[in-house]
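Input sequences plus hints: build the corresponding full structure.
Protein chains: 2
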Amino acid sequence: MVVVIDPEAWTLDPTEAASRQLRTILRSRIVCNDLKPNSKISETEVAQHYDVSRQPVREAFITLVREGLLEIRPQRGTFVRKIDYSAVLDARFVREAVEADIVKLLADKSDPALVSELRSQLKQQENVSRTNPQKFIELDEYFHKTLADAAGKVNAWLHIDSLKSQMDRVRFLSFECFPIQTLIGHHEQIVDFIEKQDQVGAEIAMRRHLQEILKSLPVIRKLCPDYFENSQPMSQE
Amino acid sequence: MVVVIDPEAWTLDPTEAASRQLRTILRSRIVCNDLKPNSKISETEVAQHYDVSRQPVREAFITLVREGLLEIRPQRGTFVRKIDYSAVLDARFVREAVEADIVKLLADKSDPALVSELRSQLKQQENVSRTNPQKFIELDEYFHKTLADAAGKVNAWLHIDSLKSQMDRVRFLSFECFPIQTLIGHHEQIVDFIEKQDQVGAEIAMRRHLQEILKSLPVIRKLCPDYFENSQPMSQE
DNA sequence: CCATCTTGACTTGTATGGAAGTATGGATGT
DNA sequence: ACATCCATACTTCCATACAAGTCAAGATGG
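The listed protein sequences correspond, in order, to chains C and Z.
Position 124 of the first sequence, counting from 1, maps to 123 under numbering that gives the first Met the number 0, and the rest follow consecutively.
Position 190 of the second sequence, counting from 1, maps to 189 under numbering that gives the first Met the number 0, and the rest follow consecutively.
Hints were generated in silico from the structure; no laboratory data involved.
Treat the numbers as computed from the prediction; the structure is a model and nothing was measured.
Backbone N, C-alpha and C define an ideal beta-carbon position, used for all residues, glycine too.
Misleading hints may appear alongside valid ones.
Unchecked claim - A few chain Z residues that don't get close to chain C, going by computed Cβ distances all over 12 Å: (1) Gln133; (2) Glu137; (3) Gln180; (4) Lys214; (5) Lys221.
Said to hold, decoys possible - Ranges between beta-carbon positions, derived for each pair: (6) Lys35/Z with Ala112/C: 34 to 44 Å; (7) Asp12/Z with Gln47/C: 48 to 58 Å; (8) Asn126/C with Ser128/Z: 56 to 66 Å; (9) Glu44/C with Leu222/Z: 45 to 55 Å; (10) Ser41/C with Glu44/Z: 31 to 41 Å; (11) Leu11/Z with Asp110/C: 45 to 55 Å.
As the list claims (entries may be wrong) - Quick list of in silico lysine-lysine cross-link-like pairs, BS3-like style, CA-CA up to 25 Å: (12) Lys214/Z with Lys108/C; (13) Lys35/C with Lys221/C; (14) Lys103/Z with Lys144/Z; (15) Lys103/C with Lys103/Z; (16) Lys103/C with Lys221/Z; (17) Lys214/C with Lys103/Z.
Written as structure tokens, this is what we have:
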């Protein structure tokens with residue numbers, strides 16, 4: 000769901016609905032911080048940019064409001080929301096709770112086919128770790144999604160995925176702050192515990208893994224204070 | 000977020016945006032099964048019913064698609080989605096994971112003011128338990144939200160809330176199947192454990208509480224098979 | 001009788017104009 | 001100099017018209 004390269008240059012596919020395409024394009028542009036937090040973004044402007052009318056743009060905006068990425072102030076303008084610090088923390092909290100339970104399920108059964116698939120993914124993660132952080136984010140997402148699928152919680156992952164957009168915005172702000180080697184190490188531990196059918200160990204490893212962002216988050220906020228909400232946000236609805 | 004009485008009769012407030020109002024009205028009508036699963040629901044029809052144009056209706060539809068309540072088949076029609084059995088199971092799974100962690104947090108501190116507030120809510124739940132099941136659903140939602148707020152996870156609750164719509168559709172199908180007295184008993188246990196600062200007990204009580212729906216769910220599906228997506232009954236975790 | 005085509009009444013998707021609210025900057029009056 | 005008013009250029013929101021796809025019923029040709 001993440002990852003778009005050079006979304007500026009994208010042109011729309013006429014056979015598919017414009018509003019749906021705009022939805023994913025704009026989401027990517029926001030998550031990658033191509034569209035800067037707090038910047039104004041008008042319907043007409045975007046419409047002209049992609050050579051469509053205002054209506055599909057508007058409909059794309061609406062979905063992004065629900066994801067917490069945009070804020071529409073009626074008759075005033077539409078703005079890219081700053082990163083909501085407490086929303087990121089809560090999203091992380093939810094992820095930890097859910098994924099902890101997921102690995103508990105997996106460690107209970109320990110499917111050998113799954114383990115070998117995961118180990119193969121670990122190698123790929125190693126390969127890109129030092130050269131392509133953006134690709135690592137992609138593989139990292141795929142790793143966690145694989146776990147959810149294996150546990151039979153496909154729908155659960157869909158919800159986590161929408162949470163992730165908040166967290167991913169932070170990651171795209173500063174690749175350097177994220178110790179990719181450490182994260183891969185965590186992944187390896189998780190796979191090991193699943194293989195050993197150690198439920199407690201797997202849960203602890205997953206929780207520690209997802210708590211890692213708590214270290215870098217304050218650093219990044221100090222680095223880019225303008226990108227963060229400084230106070231409590233209002234309820235959107 | 001749940002609860003609307005007689006949504007058919009609602010008329011729109013001209014001072015507020017029509018699309019936002021339609022959003023909540025239609026959501027309630029779907030969750031309460033006033034709009035039947037699998038029924039067709041066209042933009043023009045709804046627009047005429049509420050005396051607005053198609054556009055605000057359309058925008059309301061879009062948000063409901065994201066919540067899994069509607070399905071838009073382009074150039075074909077818009078339909079109220081049947082209740083997705085596995086989606087309900089997954090929503091329940093996520094809730095259990097998150098709320099288990101929440102009560103662990105609460106039992107760690109055990110705020111006396113919170114405990115007394117919860118006990119007051121328990122009395123209200125008792126009062127309506129035998130006469131007004133719809134009101135009980137409302138109070139039940141408020142109870143869980145209070146827990147999330149007390150744990151400082153307001154944003155986390157917003158996400159759970161969107162999950163709940165799937166589960167609430169089931170509850171509105173058959174009030175009788177839900178043992179309200181049992182659920183209140185669970186609530187009392189949870190409050191007790193929080194007061195005693197028993198993290199493990201609180202977690203177990205919460206998990207058991209949220210597993211209760213697993214008992215009634217198959218019964219209800221047998222009762223109203225037409226309202227459910229014909230997905231294969233997956234292993235019960 | 002049966003297969004095929006056509007027509008027309010639906011549907012959602014998009015374009016465009018205008019209504020109403022908001023911010024801004026300049027003119028005006030004191 | 002300063003406060004107030006007003007014109008103007010924005011914004012979102014809504015209404016309307018049109019485009020394009022879908023589906024079913026009926027006409028047509030064999």
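Results of checking the hints against the structure:
no.: 1; hint: Gln133; result: 22 Å, holds
no.: 2; hint: Glu137; result: 18 Å, holds
no.: 3; hint: Gln180; result: 28 Å, holds
no.: 4; hint: Lys214; result: 20 Å, holds
no.: 5; hint: Lys221; result: 22 Å, holds
no.: 6; hint: Lys35/Z with Ala112/C: 34 to 44 Å; result: 42 Å, holds
no.: 7; hint: Asp12/Z with Gln47/C: 48 to 58 Å; result: 34 Å, violated
no.: 8; hint: Asn126/C with Ser128/Z: 56 to 66 Å; result: 60 Å, holds
no.: 9; hint: Glu44/C with Leu222/Z: 45 to 55 Å; result: 53 Å, holds
no.: 10; hint: Ser41/C with Glu44/Z: 31 to 41 Å; result: 32 Å, holds
no.: 11; hint: Leu11/Z with Asp110/C: 45 to 55 Å; result: 53 Å, holds
no.: 12; hint: Lys214/Z with Lys108/C; result: 24 Å, holds
no.: 13; hint: Lys35/C with Lys221/C; result: 17 Å, holds
no.: 14; hint: Lys103/Z with Lys144/Z; result: 15 Å, holds
no.: 15; hint: Lys103/C with Lys103/Z; result: 18 Å, holds
no.: 16; hint: Lys103/C with Lys221/Z; result: 31 Å, violated
no.: 17; hint: Lys214/C with Lys103/Z; result: 22 Å, holds
Hints 7 and 16 from the earlier list are contradicted by this structure; the remaining hints agree with it.
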